[in-house]
Amino acid sequence: MAQTILPFGPQHPVLPEPIHLKLTVEDEIVVDALPALGYVHRGLEKLCDIRDYNQMVQIVERVCGICSKIHAMCYCQGIEEMMGVEVPDRAKFLRVIWSELHRVHSHLLWLGLFADAFGFEALFYQFWKIREKVMDINEATTGNRVIVSVNQVGGVRRDLSAEQLRWIDAELKVVEAQVRALRATTLDDYTVKKRTKGIGVLSSAQAMELGAAGPTLRGSGVAQDMRQLKYAAFDRLDFQPISYPDGDSWSRCAVRYDETLQSIDLVRQAMARLPEGELSVKVKGKPEGEVVTRVEQPRGELLYYLKGNGTNNLDRCRIRTPTFANIPPLVVMLPGLELADVPVVVLSIDPCISCTER
Amino acid sequence: MMSILGFLLALVVGVFVAPILGGLITGLDRRITARIQSRLGPPILQPFYDVAKLLGKEKLLNNSWQAFCAYVYLVAAATSVVLFFMQSDLLLIFFVQAVGAVFLVIGAMSVPSPYSQIGAQRELIQVLTYEPLLVLVLAGIYVHTGTFKISGIYALEEPMLLKLPLLFLVLGYALTIKLRKSPFDISASAHAHQEIVRGVYTEFSGPYLAILEIAHFYEVILILGLVSLFWSTSFVGMLVLVALTYLAEILVDNVSSRMTWRWMVTSAWAVGLTLTLINLLSLTM
Amino acid sequence: MPIPTKQVTKETLVAEVLQLKNAGWRIVTATCVDLNENEFDLIYHFDKDLQMEHLRLTVPKGAPVPSISGVYLAAFLVENEIQDQFGLCFDGLALNFANHLYLDDEVATTPFCKFGVVRKTAAAE
Amino acid sequence: MRLGPMVPTVVKNLISKKSTRPYPFVVREPFPDQRGELYCDIEQCIFCGTCARKCPSQCITVDKEQGLWICDPFACVYCGTCEEVCPTHCLHHKGAWRPVAGERQMIEMKGTPPKKKKKDAAKDAAAE
Amino acid sequence: MHSTLMFILIVLPFLAAIACAVVPVKQVRSAVVVVTGALLVVASLLLIGKVPFETSFTSMAGLPLASMTQLADFLLLGFVLFLGWKHKHLGIKILAGAQLVILFALEAFMMDHHAASMAFVADPLSLTLVLIISIVGSIICIHAIPYMDNHEHHLHLTISRQPRFFAWLVVLLGTMNALVLTNDLLAFYFFFELTTLCSYMLIGHDGTEEATNNSVRALYLGSMGGLALLLGAVFFQNMLGSLEIQEIIKLAPSAGYAMLPMALLCVAAFVKSAQAPFQSWLLGAMVAPTPTSALLHSSTMVKAGVYLVLRMAPGFVDTTLSTYVALFGAFTFLATALLAVSQSNAKRILAYSTVSNLGLIIACAGINTPAATAAALFLIIFHAVSKALLFLCVGTIEQRIESRDIEDMHGLFVRMPVTASLAVIGVLTMILPPFGMLMGKWMAIESAAANVPVIMMLALGSAITLLYWARWAGLLMSHPLQGGVTPEVQPKLTKYPLVALCGGAVLLSLLSPWIYSALIVPMIDMVNLANPQAMFEAPYVTSKGMLGADSGVFPVAPLFLVLIVGMFLGLRVLKNAQGAREASIYLAGAQSRTAQTPDSFVGPVNQPVKVANANYYLTRLLPEGKVTCWVNTAAVLLALLLVVGGL
Amino acid sequence: MQAILDFIKSSRIKSPWLMHFDCGSCNGCDIETLACLTPVYDVERFGIVNVGNPKHADILIVSGTVNHRNKKVLANLYEQMPHPKVVVAIGACGLSGGVFREAPNVVGGIDKVIPVDAYVPGCPPKPEAIIDGVVLGLQKFAEKSLA
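Protein chains in written order, with my numbering: chain A, 1 to 358; chain B, 1001 to 1285; chain C, 2001 to 2125; chain D, 3001 to 3128; chain E, 4001 to 4647; chain F, 5001 to 5147.
These are calculated hints, taken from the structure and not from any lab test. Careful: at least some of the hints might be erroneous.
[Claimed, not checked] If you want a taste of the chain A side facing chain E, the calculated C-beta under 8 Å gives, among others: (1) 2; (2) 3; (3) 4; (4) 5; (5) 6; (6) 7; (7) 11; (8) 12; (9) 20; (10) 28.
By construction, the Cβ of each residue, glycine as well, lies at the ideal position given by its N, Cα and C atoms.
Just chain A, with the same shape it has in the complex (with noise of 0.2 Å):
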């Protein structure tokens, strides 16, 4: 049978970012798919070696500019927890705010994205219109839409006054009410049913072995997620994974689609708890040990092993983000599919490649 070799990627209208597939197809039918990856790839994780651990929040905040605020929150718990600072819990909670709405973000895009994945130009535009309230928020209470450069070792840099949080919680109502209205549509239209059930299928068995994570492992049913393990102010909130059985692209859309309204109820829950205090403690000494720390990223499970050696500057700081998990599942669920289907699926583990490759 005559076979079709060619390129899918660096660049590629449908990828946002460069990733390389070489893709074998038989009438369109994927046999083969072969990643290549490197066009990101920077070696900041280096960086740590002439920049102090201050000035890596910065840079770790843009290993990935859509979920940069947990990447700094997370390198900022290791970093405390390694010095044994106790951060107050003004800033716990604050924290959990701008995480939770960076999900939402992070999550409306994707979901913008994944709509343009299988050509539906009109959701994704509704999508990102709703999310420019999200961004709005960003901005006016960080300073900027997409780098928001809150955290700090020891706490948060920028408070939410009371007027800001009733305005918050408005324009979360209606992101919220428009985010609902496109229910039926993202999961229940005929087309798009049809472009996403059964189309990419990891089973739960398959999620474990390959190291799957976040809303890929969640979409196949196995409820695993970070915030379990309370870290920042979770403990003190109401929260339960969000997990579908099915394993396919619409699986993984669904919990996504779920959990954007579970963060938009998390941010109403923090702002509702939100206690008086400090935003951040002085921190004094210099990093020592090793620690590993994991938070939930709006992709999954990403995870800091830090190491340092009494010195301004960290012996080692790796990063473990989840695309890169998800990529061994992406290269397994491929063969099989239609080159239709190729974006969908590799949408649907939302990939950040600069978060892979650092």
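Following the hints, complete the assembly by docking chains B, C, D, E and F onto the known chain A.
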């Protein structure tokens, strides 16, 4: 037999007025689509700006055969529109139009680029899907009017839509494919992002892409002309029908995702042939 | 203060990993740390119901390490990454990018090594 | 399974106000405390060099001898660290973003290095 | 004059065949083939002015013709029986035996042999066929001269087997001419069987196991057709008391019960035209050297089947049989077009396409209106020319690239610019207006428009046809902008036939309105003459190079005007395009800057990967084996319906 | 004839088709570029379309640091764009390498590989700033002759 004046009129309208009208409709389409997506959208004249800009760009080709194919596509599209305005044979118009489709495919296939080639294969599948449906619609028109000539349709006393409602739906199905609208923007999408880049158009650039765009303007007119025939008895009726149909196309484009070609072939044939069968049988019985 | 880890050797690594896999642990990742002029620390991280287990393997530079991609296919990516960045070689990699996962030919060194630079060509062999 | 549940949304879009902001014809007021263009109030600057040391991007150079404060605006990441650490608060972010440029640029500001406070500044630097 | 022409058309080829077989000198053989071809062309052209006429011969060179034919008939059947025994094929033995018995019974007990003459009728229908056989056939034979040299060179034969090959090839020309001119059903039967034998001989020519097996299958299925034909003849003799074809057509409508033999004749025709479920022999025949495929299995011999149906069609106007024939033809058109989609072997594509187009012609015959008849004739003419061209192109290509797979023909234009261009033109004449094939299809669709099941199948089939042709034409032409194209050197005897066929396909299309007036209008008049009840009118009027009717219009000349003007401008566009900057192909930005080939990209592990392009064969949607199975079942049912309906 | 040429020239500024290439950016600039296309900013008002194919593009928007692997891709894409064309670099990384200038696998800004016509500073720049950048690029685009 046509008078010389009528012939010249058809020629002028077909060759010069049609693409301008087609461009305006495309511009309007983009504007309405933008509004549906809660955007402002480009100016109505945008398609002309696009074409003019493309014409002024550098000539960049993989081989000269591409240029030839683009050109044949344009000529075929223009010829079919002229034939339409001359009220010629519908089946023939349709076959002349197919020349363009075939040359577009050949032009895309003449480049060993996988995206262009996949686009060409998909384009062929699209032709495979809409061609039978269109032929059957024309056959239905013949059964109803006794002729394939457009003049025969204009001789009708009452609008064809009343007798051929299901075939009109089939026509809509086929034309969605031809207009490259979702869920059938499979071989090349107008501006949306797609897994095969821009399919058949991928390797055409600059002035040659402009030629294809102009040819598409002609095709839009041909398609809407076909639609207008279903309410041939009054000018207002024609306009209303065309406008409504086009709006429906835009609406469908915006409320559905792009489907795969396997789904397209099977669903279009299943639905299209069933509707045709019912309508044709009800006509002949 | 180091993280609690279980020390393994090159010989026991694969067996230990297999045992974890059979017990239902999910591989999270592996970390390579450049300890000094002669040694690397390889730390394998596993997860089960939010608990973590770490295996630590201390290896001399220059000697190949058995790959665990035969047990966990998912490990091929991180092992390739370590190969790229540290010049550490893995035996039996399921999918070997031969030092070209991230890096192009222009980068002739192993950029993540602090202590001395290992020539990639030497490391690859 | 439903056909066209998107229809109400798009129809609503069609008849309601479009959400497009008319930029650049109308420019939105920036939110307060936005981190726009970095600006140095050179008169206030004591050339202590803290900003240069703390900058994660290392885009600031301070020449205490000549009283030069140089910033590479193309490498600045607008994180606000320098603004925070500046002892005299001479650094601040404007609300508006830095205008686009057609060629490479450097911000080079010359001020008068405060003679008196020179020792203090040196002490500050040493303390770090 | 008639007799001279008839002698040249029918007997000369037999004599030439003997010469080919006997004379061992290659140059002489080539000369014989060329001269025979030329004479045939001249004779067939001279025949144009003579039709219609009837003539009969009692003797030839002093020998009684009729009894000679009888004798030859028995000898032929005996030989087939021998072949069945030789190949240990029970089916052939039974079929040949049965035919021997029936023929003997027919000759001995049912016929009175007072008219010991052989009657020939030349009407526009047979004239059309004669022209195709003589002109297209001769061109193919001439093309075969260099082809067979290459072929044998490639096979490393020490002793040339060309004498045998050319003998059978030339015999076929005479046989076919006789077949379409004879007015005697029994003589028709003889020539019909003779074509089967030719086919057997030529398919098995290379002597490989596959070739032998396929030739036996062709003989077996061909014998089935022969039996059906003979049975039909027996019934006609029994019912109408005549075996004269013109008589039968005249008498058949009045004798409503004569539909069963008509149905049997149709079945015989289906076998010869390889309609489903009998298509397997034609597919198998593709192992033969390409001139065989071109001559026997696309342009001429398989036309014997459709000729028979068309010839008999006036005899079953407006009957259920006619409806079934239309259905059957349309079904084959659709089904084999579907099968062609899944093929990548060029000759198999051509074979399925041949079957498909013959199905369309049969459908036209079944629709049985003047417009449909006109469509059928146009299709016969243009199919013969275009398909011969394509076969010869594939043959030429195959000898150069040593593959028949169209996937190996990507970018063939670079290596064989002339042949590839001719092949592309050949493909375009098959599917696009204003060329004749498309016009035939246009007429067919217009005349079938009111027949719901038939039009549905035609609509689907014609779209599928477009699919498998267009992709082939497309892949031939991929080539770089500047340079790279190597000029192609062809032997004269290869090039001229190809160019002649290509020119013929285009020119005849341009002349189609005149062909219509000259051939098809008289043909319909003849039908009226044969069947006075029908009272057909010529369906189209021609004026200013346009074919027009109330139902539709096909402006041939104006479209050609557009084509010519367009071409002229198009060539300027081509020339203009030479000034363009040469672009590399879009490979998602990953194109390799170091690899030798421009269509390589940097893949995983930094290795250059060459892109591959392949057509879609829809094999998951339409697996050939499964589809064949379904098609055959449906076709058998339809054929049964046809015979039962004839009762 | 002159009128047509003028129309072509004036159309150029009204119909810039852009292609966006993420050259090792952190996604911040990419999502802001994408945000420009969405209803709130809707650059299609100016006739800007994100085409995703260098052969159709007039403006190449590049974000991110150049590394050894993607510099070849960047050069390839630039080469495949028909003249006239402009390049807009966005974000600190695209302009100079930004915060990653000293990372081991970083070559530097976009202008180390291809000529850049407009620089949009920011980390990431706001969508409005990107629109400004495109507008500046457009002015250069209109000035460029068909070379």
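We went through each hint and held it up to the structure:
1. 2: 3 Å, holds
2. 3: 6 Å, holds
3. 4: 5 Å, holds
4. 5: 4 Å, holds
5. 6: The hint holds - residue 6 (chain A) has a Cβ within 8 Å of chain E, the shortest such distance being about 6 Å.
6. 7: Result: holds, 4 Å to nearest chain E Cβ.
7. 11: Holds - the Cβ of residue 11 (chain A) comes within 8 Å of chain E, reaching about 4 Å at its closest.
8. 12: 5 Å, holds
9. 20: 6 Å, holds
10. 28: Nearest chain E Cβ about 7 Å off; hint holds.
Of the numbered hints given earlier, the model fails none.
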